[in-house]
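*Asks:* Given next are the chains, with one letter for each unit.
There are 4 protein chains.
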Amino acid sequence: MFDVTRYATAAQSVIEAGRFLYDRGWSPATSSNYSARIDAEHVAITVSGRHKGKLATDDVMVVDLHGRAVQSQCKSSAETLLHTVIYRLFPDVGAVLHTHSVKATVLSRLVPPGEALELEGYELQKAFNGVQTHEGRLTIPVFDNTQDIPALAEQTRLWFDEHRAQPGYLIRGHGLYTWGQTMDDCLRHIEAFEFLLECELETMRVRP
Amino acid sequence: MFDVTRYATAAQSVIEAGRFLYDRGWSPATSSNYSARIDAEHVAITVSGRHKGKLATDDVMVVDLHGRAVQSQCKSSAETLLHTVIYRLFPDVGAVLHTHSVKATVLSRLVPPGEALELEGYELQKAFNGVQTHEGRLTIPVFDNTQDIPALAEQTRLWFDEHRAQPGYLIRGHGLYTWGQTMDDCLRHIEAFEFLLECELETMRVRP
Amino acid sequence: MFDVTRYATAAQSVIEAGRFLYDRGWSPATSSNYSARIDAEHVAITVSGRHKGKLATDDVMVVDLHGRAVQSQCKSSAETLLHTVIYRLFPDVGAVLHTHSVKATVLSRLVPPGEALELEGYELQKAFNGVQTHEGRLTIPVFDNTQDIPALAEQTRLWFDEHRAQPGYLIRGHGLYTWGQTMDDCLRHIEAFEFLLECELETMRVRP
Amino acid sequence: MFDVTRYATAAQSVIEAGRFLYDRGWSPATSSNYSARIDAEHVAITVSGRHKGKLATDDVMVVDLHGRAVQSQCKSSAETLLHTVIYRLFPDVGAVLHTHSVKATVLSRLVPPGEALELEGYELQKAFNGVQTHEGRLTIPVFDNTQDIPALAEQTRLWFDEHRAQPGYLIRGHGLYTWGQTMDDCLRHIEAFEFLLECELETMRVRP
Numbered sequence: 001m002f003d004v005t006r007y008a009t010a011a012q013s014v015i016e017a018g019r020f021l022y023d024r025g026w027s028p029a030t031s032s033n034y035s036a037r038i039d040a041e042h043v044a045i046t047v048s049g050r051h052k053g054k055l056a057t058d059d060v061m062v063v064d065l066h067g068r069a070v071q072s073q074c075k076s077s078a079e080t081l082l083h084t085v086i087y088r089l090f091p092d093v094g095a096v097l098h099t100h101s102v103k104a105t106v107l108s109r110l111v112p113p114g115e116a117l118e119l120e121g122y123e124l125q126k127a128f129n130g131v132q133t134h135e136g137r138l139t140i141p142v143f144d145n146t147q148d149i150p151a152l153a154e155q156t157r158l159w160f161d162e163h164r165a166q167p168g169y170l171i172r173g174h175g176l177y178t179w180g181q182t183m184d185d186c187l188r189h190i191e192a193f194e195f196l197l198e199c200e201l202e203t204m205r206v207r208p
Numbered sequence: 001m002f003d004v005t006r007y008a009t010a011a012q013s014v015i016e017a018g019r020f021l022y023d024r025g026w027s028p029a030t031s032s033n034y035s036a037r038i039d040a041e042h043v044a045i046t047v048s049g050r051h052k053g054k055l056a057t058d059d060v061m062v063v064d065l066h067g068r069a070v071q072s073q074c075k076s077s078a079e080t081l082l083h084t085v086i087y088r089l090f091p092d093v094g095a096v097l098h099t100h101s102v103k104a105t106v107l108s109r110l111v112p113p114g115e116a117l118e119l120e121g122y123e124l125q126k127a128f129n130g131v132q133t134h135e136g137r138l139t140i141p142v143f144d145n146t147q148d149i150p151a152l153a154e155q156t157r158l159w160f161d162e163h164r165a166q167p168g169y170l171i172r173g174h175g176l177y178t179w180g181q182t183m184d185d186c187l188r189h190i191e192a193f194e195f196l197l198e199c200e201l202e203t204m205r206v207r208p
Numbered sequence: 001m002f003d004v005t006r007y008a009t010a011a012q013s014v015i016e017a018g019r020f021l022y023d024r025g026w027s028p029a030t031s032s033n034y035s036a037r038i039d040a041e042h043v044a045i046t047v048s049g050r051h052k053g054k055l056a057t058d059d060v061m062v063v064d065l066h067g068r069a070v071q072s073q074c075k076s077s078a079e080t081l082l083h084t085v086i087y088r089l090f091p092d093v094g095a096v097l098h099t100h101s102v103k104a105t106v107l108s109r110l111v112p113p114g115e116a117l118e119l120e121g122y123e124l125q126k127a128f129n130g131v132q133t134h135e136g137r138l139t140i141p142v143f144d145n146t147q148d149i150p151a152l153a154e155q156t157r158l159w160f161d162e163h164r165a166q167p168g169y170l171i172r173g174h175g176l177y178t179w180g181q182t183m184d185d186c187l188r189h190i191e192a193f194e195f196l197l198e199c200e201l202e203t204m205r206v207r208p
Numbered sequence: 001m002f003d004v005t006r007y008a009t010a011a012q013s014v015i016e017a018g019r020f021l022y023d024r025g026w027s028p029a030t031s032s033n034y035s036a037r038i039d040a041e042h043v044a045i046t047v048s049g050r051h052k053g054k055l056a057t058d059d060v061m062v063v064d065l066h067g068r069a070v071q072s073q074c075k076s077s078a079e080t081l082l083h084t085v086i087y088r089l090f091p092d093v094g095a096v097l098h099t100h101s102v103k104a105t106v107l108s109r110l111v112p113p114g115e116a117l118e119l120e121g122y123e124l125q126k127a128f129n130g131v132q133t134h135e136g137r138l139t140i141p142v143f144d145n146t147q148d149i150p151a152l153a154e155q156t157r158l159w160f161d162e163h164r165a166q167p168g169y170l171i172r173g174h175g176l177y178t179w180g181q182t183m184d185d186c187l188r189h190i191e192a193f194e195f196l197l198e199c200e201l202e203t204m205r206v207r208p
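Protein sequences, first through last, are from chains A, B, C and D.
Mapping the first sequence onto full-length UniProt numbering, position 56 (from 1) lands on 56, and the numbers just tick up by one.
Mapping the second sequence onto full-length UniProt numbering, position 168 (from 1) lands on 168, and the numbers just tick up by one.
Mapping the third sequence onto full-length UniProt numbering, position 158 (from 1) lands on 158, and the numbers just tick up by one.
Mapping the fourth sequence onto full-length UniProt numbering, position 9 (from 1) lands on 9, and the numbers just tick up by one.
Same shape as in the complex, but just chain A:
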């Protein structure tokens, strides 16, 4: 069981995130999925295949931390396990966002297989929780895309269990995952990632 007021608050934060992210062009064509934690056992998450710029209350549902629907006949996002694995790994995480921007998609295909994207020397790295200076380096792993979500969830669990300070990851040809303690933190991380990915791409255009 979960508190319905906490559910309503979480669902509303997902709906508003969708409007923002779709308007930026980062969740086109019913792609992407978003979630917000309700409590230690439950998260509110988008129903599969909905228009992310027009989410309403019936486009959000509840799953437990194993990705099973709770009090709902709907089918949650196909990538639900990529969300729940993060909530299990980080008890203080309150929101997970997955977006599909052009920049994330293109850059994830340009990074050579087996390599991560390394970001350094950007002041905006300080937008990530816990980062105090531009002098550090962020390592953003790029996982190969697959339709086998349980396998990918396990891959991300292993990687982030060993690199707990890193704020997100890319899936090749697919998109970005990031998280935060609150939805506001998580949206700030999305903005920072999109900014940094665009900087990297802009630089590669001039110096391929």
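It is possible that some hints are incorrect.
[Unchecked claim] Listed below are several chain B residues computed to face chain A (Cβ distance under 8 Å; list not exhaustive):
| # | residue |
| --- | --- |
| 1 | Gly136 |
| 2 | His163 |
| 3 | Phe195 |
| 4 | Thr203 |
[Stated by the list, open to error] Interface residues of chain C toward chain B, partial, derived using beta-carbon atoms under 8 Å:
| # | residue |
| --- | --- |
| 5 | Gly121 |
| 6 | Leu124 |
| 7 | Glu198 |
| 8 | Cys199 |
FYI, nobody ran anything at the bench for these hints, they're computed from the structure.
A quick note: this is a predicted structure, and the numbers were derived from the prediction, not measured.
Backbone N, C-alpha and C fix where the C-beta goes; we use that ideal spot for every residue, glycine too.
Got chain A; can you put chains B, C and D on it based on the hints?
*Replies:* Then chains B, C and D, alone, in the frame of chain A:
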């Protein structure tokens, strides 16, 4: 004869599509044309030369599936036959959209004559009806531009009769055609195409 | 003397054009100037140095076809003569717009001195009055920038007197001039030009 | 002591600037900071770490020209001294804006260490106070990024004391600083800088 309520619904979907597509910059300078099916014999289609971001009810008219005006003195889009040929070929298609984006125009001129644009490895390919994985390949033919619309209509009919699963095509230096069972499906296809075309162009900028 | 109702209509079309063009990013930082014809002898034109996205009635004034202020103490745009020379040359022109987009600025600097920009094979060329096919070629001259406006006005007069079908020109490192019979025509020309200039720049990025 | 009505006016100009600059994408992810002069001794400045598109009255505070908080328990922007050094150096400056655009970030990293960005031949250079022609040259210094703000403040003081006509500077991998007599002047300078930086980047893409 056609049902006027179905006509009004179809016309309204065309008007709203125009507002969306113009705002995105995909139908500049009175370019583009849009249609929605009324019934087995009739479609609502834009009148020639109108501003696509400001369509009103008198900017939409009815044609039959041979492109002839029905109950109207207006002149329908010069490319009406490119719409009707699709409705005849696919009885379940409910909407056809033709847009003129910078990305579609530029990419269609960069694809060598006689070659198609091949899209693969993108998660967003799943936005097209019937596509379940990023592992397949979409083939987007590029037809040479011409002012001889009946000839181009016949060319597209022959090609799509043999490649019924492909979701759209480009005309060189001109734009994109795509369709769907509903206007929402068709708009999702436009968004997916624009996303994928931008990804391809972005990649070519870095790796020409 | 001029008809004040015709003046108010012309001024309003200038104000609304400004809102549109500024929102697109084509008239940043108080750059650009716009005009609309009142009658055979007078045009409404923007006052020098105003914010183009926030034009009000006192940001528009009247000049005669020699660029002299009429019934006004304001100073009209420094480039007033570039407008009036077009109205004198083409009695059917009803509006002249000058914009400062990034694309126009960059492309005008990339075209070699003494050469024009040639546009061909684009369907969108049909957006210009009188163009019926993509098979023709538009020649867009690029004049060197100067603060000697009377000299530049004379240069444009000589060129367009000999090439009356061409729809506009660039000034190097500065911007675009185009015109039309009505303000709507002129705005359509701006949209078409911006589209075509972006296509050309996008193509040069991939195939320098 | 300062006049509270002058404070309210200054604070409101900061709030509105934030809305504009965030909407343009120039202040993402709580980055950037803005200030407006109240009088010879005081400036209104953004509180550290706030969302720049949603500034309210409690996101702005007062500091003196040595960067010390006045009548406030809040912590002002970490870069407060970069603002106050400009107000001390230029008694006629009424506003200072610092933004974090992709273009400024990327370009500041592409300029070789020890070199400045030189801008010439652009008509839009006239958007800067005191510039009458495109024929001059603007020199935009690029300072290395550091978390030692007092040292950077001193560096900028020395440079601008010797180059008082130059309108702003870049910090490598970080962003842009510019100023003006009024907030409107300062916003015009931001727009002009963003335009010119984009022109430079666009040109480098085609001619690396």
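*Asks:* Run every hint past the structure and note whether it holds.
*Replies:* How the hints compare with the structure:
| no. | hint | result |
| --- | --- | --- |
| 1 | Gly136 | 11 Å, violated |
| 2 | His163 | 21 Å, violated |
| 3 | Phe195 | 5 Å, holds |
| 4 | Thr203 | 6 Å, holds |
| 5 | Gly121 | 5 Å, holds |
| 6 | Leu124 | 6 Å, holds |
| 7 | Glu198 | 5 Å, holds |
| 8 | Cys199 | 5 Å, holds |
In the structure shown, a violation is registered for the earlier hints numbered 1, 2, in ascending order.
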